[in-house]
Amino acid sequence: MSLVRNRKALAGMILLAFFVVIAIIGPWIAPYNPSMVGPDSLQAPSLAHRLGTTNTGQDILSQLIVGTQGVMVVGLIAGILATIISVIVGVTSGFLGGLGDEVLSLISNVFLVIPALPLIIIIVGVLPSAGGLTIAVVIALTGWAWGARVLRAQTLSLRKRDFVEAARANGEPMWRILFFEIMPNLTAIIASGFIGTVIFAILSEVTLAFIGVTSISTWNWGTVLFWAQSSQALVQGAWWWFVPAGLCIAAVGTSLTLINFGIDEFVNPRLRNTAANARLLRRKKIRARIGFTPVYRGFISTRKGEDA
Amino acid sequence: MKFLLRRLGFYVFTGWAAVTLNFFIARLLPGDPVQSLINKYRGLLSTDAINSLRVLFGLNTHTTVWQDYLTYWGNLLHGDLGISFAYFPTPVSAVLAQSLPWTLTLGFVCTILGFALGTLAGVGLGWRRGTWLDLLLPVANFFSAIPYFWLGLIAIALFGVALPLFPTSGGYDGGLIPSFSLEFIGSALYHAALPALTIVLASVAGWILGMRNMMVTVSSEDYVTVAQAKGLPERRVMFGYAARNAVLPSISGFALSLGFIVGGTLVTEIVFSYPGIGYVLFQAVGSKDYSLMQGVFLIVTLAVLVANMAADFAYALLDPRTRQEG
Amino acid sequence: MTLTPPIGRSAASASARQPVLEIRNLSVDYGYDDRAVHALSDVSLTLHAGEVLGLAGESGCGKSTLAYAATRLLPPPGVITGGEVLFTRSRDGHGGDLLTMSDAELRAQRWRDTAIVFQGSMNSLNPVYKIGKQLMDGITAHSPRGFREQARLRALELLEMVGIPNNRLDSYPHQLSGGMRQRVMVAMALALEPEVVIMDEPTTALDVVMQRQILEQIMRLKNELGLSVIFITHDVSLLLELADRIAIMYAGKIVEDASADEVYRMPRHPYTAGLLHSFPPLHGPRRELGGIPGSPPDLMKLPSGCNFHPRCPHALEACSVLEPKLGPTEGAEPTRSVACLLHDPAVNPGPVPVELGVRPLSKETA
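Each protein sequence line maps, in turn, to chains A, B and C. Each residue of the first sequence is one higher than the last, beginning at 0 in numbering that gives the first Met the number 0. Each residue of the second sequence is one higher than the last, beginning at 0 in numbering that gives the first Met the number 0. Each residue of the third sequence is one higher than the last, beginning at 0 in numbering that gives the first Met the number 0.
Hints are not guaranteed to be accurate.
[What the hints assert, rightly or not] Quick list of in silico lysine-lysine cross-link-like pairs, DSSO-like style, CA-CA up to 27 Å:
id, chain 1, residue 1, chain 2, residue 2
1, C, Lys132, C, Lys221
2, C, Lys129, B, Lys1
3, A, Lys283, C, Lys221
4, B, Lys1, A, Lys159
5, C, Lys324, C, Lys300
6, C, Lys132, B, Lys1
Because the hints were derived from the structure by calculation, they are not lab data.
So that you can see chain A by itself, here it is in the shape it has in the complex (with noise of 0.2 Å):
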């Protein structure tokens, strides 16, 4: 598939495999039990402790790894959940039009309007306890809209082209034009908007475990940030306690915005930026702007009849 030669994507893909494999395999590789108190407190990184221990002895490179699990499960199910609502309402609201549209638009757009945090810490909030499903269905529930209103216009558009309208001339029932004709087009949309999905997830669940709202019982990167928060980390210059959390946060984040800059640019060729043509004109001297076509007469290329 092309999508891998783009190298934004690659890398992104790269970076995502890593952290995916370590959520699989995290419990059997982690050093330590991450829950496991010991006597060495808040000691910088050395070689027993890679990342350093908390101020109740316990390792952090064991809770990140372990904690790799915890993240990834929860974003992956709240991105699935999210897609498959967003994939039903906005394709069905694009397919249908009139009335059923109307509706379904309105539901879509007052979930998009309603900040989402505060509802999520709210409803995790007053549950009685909140385990990682259940954070994920409610980041599902709170963060479908989005998706749902791209893949909306897409279809609006899509359903206008010609080839829907041979096929509809052809009598082809509705839910096979549906299926085999539109949906195909808009795997790049979803794609992205699994990707999207997954982000926020991630990104609202790690908040949600550093505000305390979520059980503590699991590791989780945010977990590790909240005992850090908690246990005055920062005053105590003990940074090898908050920076590594964080930094996966952002690595993670980082590949999965990567791999979507890749679908960006199948999408729309106009974005392609490839280094090495950048390369090429810096070297030339060859300035390309809109309105000022450069000159170069240097070329070495050979024209047609012409010796080189």
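Given chain A, put chains B and C in place with the hints provided.
Same frame as chain A, now just chains B and C:
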């Protein structure tokens, strides 16, 4: 005009939906925790207060849901949001009234600042492609994936602890009394520096990337070439022809961005113990103060709706095509 | 699209005019590396004062590329790789080679010396500015400060000139019809009364009635203001009526350059002959519609030798080896040139095919 009226109608509807959602969330609670809370504070609450709590949480078996709903609305319109447990015995409305101005100023200023800086940077990056400035793009990409609160922590570590330049908590110096004096405002600004830095840095990346992509798309439109063919000065073409058209999707997509920024602002306040709505929410969650949580949600949603209306208004001003169709 | 003969414009008077814009050996590539496509190779063309020069050819032959490259408005990844574009009748002394001018000079001479009438599609006008503003900003950019009031009056004048009501000055582009938008583009181009006006397919998107109206207006204005016009279109029959001279392009090269009359009556290039036989004549005896077999070549995989030879009914052996250059015809007629090996005595010792050669006078009837 029709466009604006339609949007207004939509926002009124959304406001109603938010209030209704709020009403039903409280009823998600299983009965026991609420009862125990009421029992805990029983001696200190008036019967009226207890009744309104019952209405709020649907515990009143003598009334139907619909009657409770109407009572809820009635209370709301009187400004009665209940009594706060976290700040007992202050009424919720008073707590909100005190903390709202802090969040509003911080959030408003940072959103405008982030939008302005990000959009301008995006215009520059999108217009002149292929310069070293393009390296800013992966940086912006990275920053857009960082959670607000972590950026806040780093800001504290760097500028509050390692180099103690700015205060790391509170909205103003503890010894001062809130007033409009120069000293107080100065202290407030000083304390707002790090939270503002955090919010602006975290939000600006999104604006930059969005605007840059739109500039690239718009630059290849015919009317930009026509503008260049007319021999107009470069700045005129870049801003008047390209940027003016490229900024429209950013404004119409303001809703989405704003929701994210509001969430981020609330969390940043928590990190910095900044005395705004976010911090209040944090306290409310900690002490299971449901009335206060609901009050926060309501206020935040209303603020977002108003901001969206402002964005829609700006859009109608900037895009003449909306003035024709409904 | 039908053929009607041009009305008594002679070749002689055309050549007596002074040259205004000279394009010499212009070469343009799309792309910056070895895989660049050679869109134009060594193209030379001269526009004379007061004349209408038609530039015709199929889609993708390079006619628009020629016009935009000559004015340096070609978008990326276009790059000019050789040649000169000399502007010889500049008003403020901004003449010279457009390809070596500085940005500031280029900006100063734009719209005053050379203006382009773009296709009046929805995209050619800025959707967020009123028409009046777009008409005026071209004027004020080239005028001294404080010129706003006069600019506004001038804009009103221009609207009247093209037949658009005054109150449209405050309209937005989406409030105008296609025909009106095209007329606005014409008015905009003529704002500073330039020497040279380049018209890029100005009526292609319009219906026939509107087409006629606008073309008549354009020709009237051209006569009144003494403009020199380059008219780009794929519709050769249109040029036969409007143009003084016609240059036919094929696959990035000019293959024939002659007066409209000569092109109609005596085409010298096989491609031109083929084009003319593709339209039915409105008058005269019924004729079988010919065409040109095959399709235009992919610019990335041009044929060896002459670009046209695979489709040419008169191709010689040498045509697949040698590239013809624009040169004199067989009869060395002074006012026309053709790029065909059939007319090169060194390559083609035999006679030129009858339909492409100098014919006896008696056969030159409509």
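Against the structure, the hints:
1. About 25 Å separates the Cα atoms of Lys132 (chain C) and Lys221 (chain C), which keeps this hinted pair within 27 Å; it holds.
2. Restraint check for Lys129 (chain C) and Lys1 (chain B): satisfied, since their Cα atoms lie roughly 21 Å apart, inside the 27 Å limit.
3. Pair hint Lys283 (chain A) plus Lys221 (chain C) does not hold up; C-alpha atoms about 42 Å apart against a cutoff of 27 Å.
4. At most 27 Å may separate the alpha-carbon atoms for a hinted pair to count; Lys1 (chain B) and Lys159 (chain A) meet this at roughly 26 Å.
5. Restraint check for Lys324 (chain C) and Lys300 (chain C): the C-alpha separation of about 19 Å stays at or below 27 Å, so the hint holds.
6. Taking the CA atoms of Lys132 (chain C) and Lys1 (chain B), the gap is near 26 Å; set against the 27 Å cutoff, the hint holds.
The structure does not agree with numbered hint 3 stated previously, though it agrees with all others.
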